[in-house]
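Asker: Each chain, written out:
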Amino acid sequence: MKLKLLYFARLKDAFGRDHETLESDAASVGALLAELRARGGAWADELAEGRVFRVALNQELATADAGLATGDEVAIFPPVTGG
Amino acid sequence: MKLKLLYFARLKDAFGRDHETLESDAASVGALLAELRARGGAWADELAEGRVFRVALNQELATADAGLATGDEVAIFPPVTGG
Amino acid sequence: MDAFTIRVDAAAFDAGQEIARLSADPGVGAVVSFVGVVRRHGDGDNVAALELEHYPGMTEKSLAAIVAEARARWPLSAALIHHRVGRLALGEPIVLVVTASAHRAAAFAACEFLMDFLKTQAPFWKKEIDADGHSRWVEAKSSDEGAAGRWQ
Amino acid sequence: MDAFTIRVDAAAFDAGQEIARLSADPGVGAVVSFVGVVRRHGDGDNVAALELEHYPGMTEKSLAAIVAEARARWPLSAALIHHRVGRLALGEPIVLVVTASAHRAAAFAACEFLMDFLKTQAPFWKKEIDADGHSRWVEAKSSDEGAAGRWQ
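Chains as they are written, first to last, in numbering that gives the first Met the number 0: chain B, 0 to 82; chain C, 0 to 82; chain G, 0 to 151; chain W, 0 to 151.
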């Protein structure tokens with residue numbers, strides 16, 4: 000299935016991109032994160048278990064067990080710092 | 000001794016004046032209030048023991064036991080309602 | 000102009016200009032303001048205007064004491080109290096309180112503290128004037144005494 | 000204009016004009032505003048500017064949800080959130096939150112609530128840019144998480 004991935008702030012800089020379209024079989028947010036970590040380098044570092052980051056699925060905050068469907072928009076970003 | 004008395008808001012309306020100069024021997028705020036109550040009418044009503052009002056002596060809130068000296072400015076007024 | 004300002008007069012104020020003025024210090028990160036407005040439902044249900052009376056001299060002293068107390072409690076960069084007096088029509092602003100600090104918690108707390116004390120300690124009195132010309136002195140609210148009490 | 004407004008853009012705002020607009024309802028007696036300002040001491044000690052990034056789409060949705068939550072908790076007549084994005088120099092305003100209610104307790108609480116949630120829930124990120132051109136992404140503050148937690 001096709002997923003739209005978005006990256007913001009420090010993660011955008013670390014991954015050298017602000018978005019990508021990914022063909023993936025990941026059934027959940029957790030499985031998608033594992034797939035991205037397997038790329039190694041900054042992906043393994045920034046998305047490691049101990050690191051603090053957030054995932055939004057279709058623009059709502061989501062947890063690792065959230066299921067994925069084709070066309071979903073998944074955003075990964077650091078804790079927010081606006082206001 | 001000479002005292003300057005000031006009245007505000009509802010008390011100003013009830014007493015029909017916003018200030019007066021009084022020649023008095025009252026040694027304290029409490030004694031002054033007793034002297035004013037003795038005038039009867041609105042004075043007895045508005046300054047009765049059960050009524051809620053405030054006294055400022057030389058522009059600072061004061062209690063009945065505060066002592067008086069010649070030239071003092073004594074203001075009597077209802078609880079404040081600004082802001 | 001001094002970073003801590005008290006004004007009591009009939010003139011209107013420009014809240015945006017005052018907020019901008021108190022933001023000018025490069026240490027300021029948070030500016031909180033309160034504006035009180037003449038509203039239709041007060042003690043009466045069809046208020047057309049307020050008449051604001053005060054005790055010249057004591058007013059300024061009590062507001063200065065309130066600001067000094069706020070500065071002792073929170074790290075403020077600047078503050079303003081502008082309280083209007085005289086006749087104010089429905090919808091007109093009555094009072095502006097602005098507080099500026101590095102962080103928002105101090106600015107919020109100080110602004111609310113200043114308002115609570117201003118409502119219970121500063122010698123201002125409101126008279127409501129109805130559309131038909133009837134008028135009455137506003138009664139003090141026990142909720143205001145309660146709000147001021149929480150800071151003690 | 001709607002009484003409950005959310006704006007996310009690079010444009011500046013006029014706090015005084017917005018406060019006046021939210022005061023127009025004759026039921027409004029209290030208007031509280033918060034302005035966040037770029038300050039010199041952030042994570043760095045010589046900040047010259049901020050770069051504000053956000054997640055278009057999710058930003059507006061999360062701000063709308065925060066405003067809806069505030070309306071469920073307090074009787075608000077009107078509210079505004081205007082959050083700027085892009086590059087903002089030292090001293091420039093970043094965010095304006097205004098709340099209007101009949102009474103001041105609701106207006107103060109709702110304004111502080113909106114700020115606490117905006118700081119922890121809305122997808123904005125700040126990058127500090129120093130006078131020498133160095134830059135860094137601002138780290139989230141545990142004090143902000145704590146401030147948001149007290150409303151739960």
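Read the hints as simulated data drawn from the structure, not as lab findings.
This one's a predicted model, so the numbers in the text were calculated from it and none came from an experiment.
Check each hint, because a few of them may be wrong.
[Unchecked claim] Computed footprint of chain W on chain B; a stretch qualifies when at least three of its residues, placed anywhere within it, have a C-beta under 8 angstroms from a C-beta of chain W:
#, region
1, 4-10
2, 67-78
[As the list claims (entries may be wrong)] Here chain W is said to cover these stretches of chain G; the calculated rule only asks that three of the stretch's residues, wherever they fall, bring their Cβ under 8 angstroms from a Cβ of chain W:
#, region
3, 61-72
4, 119-129
Backbone N, C-alpha and C define an ideal beta-carbon position, used for all residues, glycine too.
Asker: Now look at each hint and say whether the structure bears it out.
Answerer: Here is what the structure says about each hint:
| no. | hint | in the structure |
| --- | --- | --- |
| 1 | 4-10 | holds (count 4) |
| 2 | 67-78 | holds (count 4) |
| 3 | 61-72 | violated (count 0) |
| 4 | 119-129 | violated (count 0) |
Checked against the numbered hints above, the structure breaks hints 3, 4 and satisfies the rest.
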